[in-house]
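A.B. asks: Next come the chains, spelled out residue by residue.
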Amino acid sequence: MSEGFGPQKVFEIFGMPITNTVTVTWLIMAIVISVSYFATRNLKKKASGAQVITELVVSSINNLTEQTMGEKLKAFSPYIGTLLIFIGISNISGLFGVRPPTADVNTTLSLAIVTFFMIHFFGIKYNGLKYLKGFAEPFVLLLPLNIMGELATPISLGFRLFGNIVGGMIIINLLYGALANFTPEFIGIPLLQAGIPVVFHIYFDLFAGVLQSFIFAMLTMVFISIAVD
Amino acid sequence: MGFNLITANLRLGLVEFNATFFFQIFNTFVLYLFLRKMLFKPVTELIEKREMEIASDIDNAAIKNEEADELKKEYNKKIKTIENEGKKIIKEAKMVAEKEASRIMEKVREDEKEIRLKNQIELEREKIKAVNELKDEISNLTIMAASKVVGKNLKLEDHIALIDQFIDEVGDTKWQN
Numbered sequence: 005m006s007e008g009f010g011p012q013k014v015f016e017i018f019g020m021p022i023t024n025t026v027t028v029t030w031l032i033m034a035i036v037i038s039v040s041y042f043a044t045r046n047l048k049k050k051a052s053g054a055q056v057i058t059e060l061v062v063s064s065i066n067n068l069t070e071q072t073m074g075e076k077l078k079a080f081s082p083y084i085g086t087l088l089i090f091i092g093i094s095n096i097s098g099l100f101g102v103r104p105p106t107a108d109v110n111t112t113l114s115l116a117i118v119t120f121f122m123i124h125f126f127g128i129k130y131n132g133l134k135y136l137k138g139f140a141e142p143f144v145l146l147l148p149l150n151i152m153g154e155l156a157t158p159i160s161l162g163f164r165l166f167g168n169i170v171g172g173m174i175i176i177n178l179l180y181g182a183l184a185n186f187t188p189e190f191i192g193i194p195l196l197q198a199g200i201p202v203v204f205h206i207y208f209d210l211f212a213g214v215l216q217s218f219i220f221a222m223l224t225m226v227f228i229s230i231a232v233d
Numbered sequence: 038m039g040f041n042l043i044t045a046n047l048r049l050g051l052v053e054f055n056a057t058f059f060f061q062i063f064n065t066f067v068l069y070l071f072l073r074k075m076l077f078k079p080v081t082e083l084i085e086k087r088e089m090e091i092a093s094d095i096d097n098a099a100i101k102n103e104e105a106d107e108l109k110k111e112y113n114k115k116i117k118t119i120e121n122e123g124k125k126i127i128k129e130a131k132m133v134a135e136k137e138a139s140r141i142m143e144k145v146r147e148d149e150k151e152i153r154l155k156n157q158i159e160l161e162r163e164k165i166k167a168v169n170e171l172k173d174e175i176s177n178l179t180i181m182a183a184s185k186v187v188g189k190n191l192k193l194e195d196h197i198a199l200i201d202q203f204i205d206e207v208g209d210t211k212w213q214n
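Line order of the protein sequences matches chains E and Y.
If you're matching positions, the first sequence starts at 5 in this note's numbering and goes up one per residue.
If you're matching positions, the second sequence starts at 38 in this note's numbering and goes up one per residue.
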């Protein structure tokens with residue numbers, strides 16, 4: 005299976021394939037962690053330079069979480085920020101020629117499963133048995149339907165993100181292939197590939213990428229606060 | 038752990054579940070811990086601390102403003118009382134000075150009167166003295182004239198009394214004019 009658009013295996017650990025999804029994730033993690041290390045290394049009360057941008061990013065994520073989930077749940081801000089930053093950078097990473105980690109269903113479903121467990125953990129933590137009883141409402145016969153509905157949440161979350169990103173990636177790959185075929189052979193310069201894909205990159209990588217990361221974070225916040233309320 | 042460079046380009050299925058799922062959960066968790074500890078916690082704490090400081094600064098400024106207003110009121114009151122006191126002191130001083138001035142004027146007037154009286158007395162005395170001297174002179178002259186006219190018979194002691202009497206009768210009115 006060397007054709008297609010699936011993730012590539014880079015190496016193996018104890019028989020487990022490590023794909024470029026994981027390696028690119030490590031790369032993104034390294035970049036994000038070192039940037040946040042250097043950005044917060046010398047915080048001053050009187051903000052200037054890069055600290056202003058750091059504070060802007062953190063305070064906008066804090067404000068977004070507080071506005072969406074309420075004052076009570078603003079402690080979720082670091083997790084929501086992690087989702088926004090990781091998914092956002094992953095989605096945009098297609099611009100830098102790597103395979104976006106979010107174009108792998110394992111990544112998106114793992115994030116969605118974490119959200120799924122958070123929804124029900126905090127639902128039970130804040131509301132106890134009343135939360136579990138909520139599944140048997142309006143009457144007990146709807147219990148299987150309600151459970152199926154709950155199980156659909158992570159699947160729809162995960163596949164929405166995966167579908168958007170992998171779709172964009174496939175379209176852009178097909179476009180590059182097509183443009184390579186249309187380029188006159190005698191020039192030897194990939195003329196057509198130079199300008200035309202920009203429009204597609206802006207839409208599929210930048211616009212859809214940022215939008216999907218925002219949607220994922222937003223839905224996570226909304227589901228958790230619904231379960232907690 | 039074994040690298041297999043031959044299968045490095047092996048593509049997995051587009052929708053295929055494998056160990057990546059667990060790796061990604063672990064990666065997300067690690068990234069979350071790092072970001073929470075290194076980015077969100079310090080920056081949020083800094084922002085909150087700064088907001089609290091600004092709020093307390095504003096409160097302090099309001100308190101200080103109030104205090105300043107009170108002090109201003111107090112000082113204005115003090116200045117007013119001082120002004121009033123000053124006016125009172127000036128008024129009193131004026132009164133005292135006026136009293137003193139009138140007293141001095143009175144004294145001057147009295148002194149003047151006294152001096153004038155003294156001068157008058159002196160003058161009177163001088164006059165009397167002059168009149169007396171003239172009387173003596175006249176009596177002498179009269180005696181001399183009488184002795185010349187009468188001759189050497191006339192005795193000085195007998196006639197001085199007579200002449201004096203005459204002069205007293207005539208002189209008082211005649212010599213004074």
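Hints are supplied without guarantee of correctness; some may be wrong.
Unchecked claim - Lysine-lysine pairs mimicking DSS-like chemistry, simulated, CA-CA at most 27 Å apart: (1) K131(Y) / K144(Y); (2) K76(E) / K144(Y); (3) K125(Y) / K115(Y); (4) K125(Y) / K110(Y); (5) K166(Y) / K155(Y); (6) K136(Y) / K115(Y); (7) K114(Y) / K124(Y); (8) K49(E) / K134(E); (9) K129(E) / K172(Y); (10) K101(Y) / K124(Y); (11) K114(Y) / K50(E); (12) K49(E) / K136(Y); (13) K48(E) / K125(Y); (14) K78(E) / K114(Y); (15) K101(Y) / K125(Y); (16) K110(Y) / K124(Y); (17) K74(Y) / K48(E); (18) K78(Y) / K78(E); (19) K48(E) / K78(Y); (20) K86(Y) / K76(E); (21) K150(Y) / K128(Y); (22) K48(E) / K78(E); (23) K129(E) / K78(Y); (24) K114(Y) / K125(Y); (25) K86(Y) / K50(E); (26) K76(E) / K74(Y); (27) K109(Y) / K131(Y); (28) K101(Y) / K49(E); (29) K50(E) / K131(Y); (30) K78(E) / K86(Y); (31) K86(Y) / K74(Y); (32) K74(Y) / K49(E); (33) K128(Y) / K49(E); (34) K78(E) / K129(E); (35) K155(Y) / K50(E); (36) K125(Y) / K136(Y); (37) K50(E) / K129(E).
Treat the hints as calculated values from the structure; they're not laboratory data.
A.B. asks: Each hint should be assessed against the structure and marked as holding or not.
C.D. replies: Here is how each hint holds up against the structure:
A hinted pair counts as satisfied when its Cα atoms are at most 27 Å apart, and K131(Y) with K144(Y) qualifies at roughly 20 Å. This hinted pair does not check out: K76(E) and K144(Y) have alpha carbons roughly 97 Å apart, beyond 27 Å. The straight-line distance between the Cα atoms of K125(Y) and K115(Y) is roughly 15 Å, inside the 27 Å bound, and the hint therefore holds. Between K125(Y) and K110(Y) the CA atoms are separated by roughly 23 Å; this keeps the pair inside 27 Å, and the hint holds.
For the given pair, K166(Y) sits about 16 Å from K155(Y) by alpha-carbon distance, which is consistent with the 27 Å threshold. The suggested pairing of K136(Y) with K115(Y) is violated, with an alpha-carbon distance near 31 Å, which exceeds 27 Å. As the CA atoms of K114(Y) and K124(Y) are separated by approximately 15 Å, the hinted pair is consistent with the 27 Å bound. A hinted pair counts as satisfied when its Cα atoms are at most 27 Å apart, and K49(E) with K134(E) does not qualify at roughly 45 Å.
About 150 Å separates the Cα atoms of K129(E) and K172(Y), which puts this hinted pair outside 27 Å; it is violated. Restraint check for K101(Y) and K124(Y): not satisfied, since their Cα atoms lie roughly 34 Å apart, outside the 27 Å limit. A distance of roughly 43 Å separates the Cα atoms of K114(Y) and K50(E); the hinted pair therefore is violated under the 27 Å criterion. With a C-alpha separation of about 73 Å, the suggested pairing of K49(E) with K136(Y) is violated against the 27 Å cut-off.
The hinted pair formed by K48(E) and K125(Y) fails the criterion: a straight-line CA distance of about 61 Å is larger than 27 Å. Distance restraint check for K78(E) and K114(Y): the Cα-Cα separation of roughly 54 Å exceeds the 27 Å cut-off, and the hinted pair is therefore not satisfied. This hinted pair does not check out: K101(Y) and K125(Y) have alpha carbons roughly 36 Å apart, beyond 27 Å. The straight-line distance between the Cα atoms of K110(Y) and K124(Y) is roughly 21 Å, inside the 27 Å bound, and the hint therefore holds.
A hinted pair counts as satisfied when its Cα atoms are at most 27 Å apart, and K74(Y) with K48(E) qualifies at roughly 17 Å. Simply put, K78(Y) and K78(E) have alpha-carbon atoms about 12 Å apart, close enough for the 27 Å limit, and the pair holds. For a cut-off of 27 Å, the pair hint linking K48(E) to K78(Y) stands: about 15 Å separates their Cα positions. The straight-line distance between the Cα atoms of K86(Y) and K76(E) is roughly 19 Å, inside the 27 Å bound, and the hint therefore holds.
Taking the CA atoms of K150(Y) and K128(Y), the gap is about 33 Å. The hint is violated against a cut of 27 Å. Restraint check for K48(E) and K78(E): satisfied, since their Cα atoms lie roughly 24 Å apart, inside the 27 Å limit. The hinted pair formed by K129(E) and K78(Y) meets the criterion: a straight-line CA distance of about 24 Å does not exceed 27 Å. Restraint check: the Cα-Cα separation between K114(Y) and K125(Y) comes to about 16 Å, which is no more than 27 Å; the hinted pair holds.
Pair hint K86(Y) plus K50(E) holds up; C-alpha atoms about 12 Å apart against a cutoff of 27 Å. For the proposed pair K76(E) and K74(Y), the alpha carbon gap of about 20 Å is at most 27 Å, so the pair holds. For the hint linking K109(Y) to K131(Y), the alpha-carbon distance of about 32 Å lies beyond 27 Å, and the restraint is violated. With a CA separation close to 24 Å, the supplied pair K101(Y) and K49(E) stays within the 27 Å bound.
Distance restraint check for K50(E) and K131(Y): the Cα-Cα separation of roughly 64 Å exceeds the 27 Å cut-off, and the hinted pair is therefore not satisfied. With a C-alpha separation of about 17 Å, the suggested pair K78(E) and K86(Y) falls inside the 27 Å cut-off, and the hint holds. Taking the CA atoms of K86(Y) and K74(Y), the gap is about 17 Å. The hint holds against a cut of 27 Å. Taking the CA atoms of K74(Y) and K49(E), the gap is near 19 Å; set against the 27 Å cutoff, the hint holds.
Proximity of K128(Y) to K49(E) is assessed by CA-CA distance (about 62 Å); at most 27 Å being required, the pair is judged violated. For the hint linking K78(E) to K129(E), the alpha-carbon distance of about 16 Å falls within 27 Å, and the restraint holds. For the suggested pair K155(Y) and K50(E), the alpha carbons sit about 97 Å apart, so the restraint of at most 27 Å is broken. Under the criterion of a C-alpha separation no larger than 27 Å, the hint pairing K125(Y) with K136(Y) is consistent with the structure, at around 16 Å.
Among the hinted pairs, K50(E) with K129(E) is inconsistent with the structure: their alpha-carbon atoms are about 40 Å apart, more than 27 Å.
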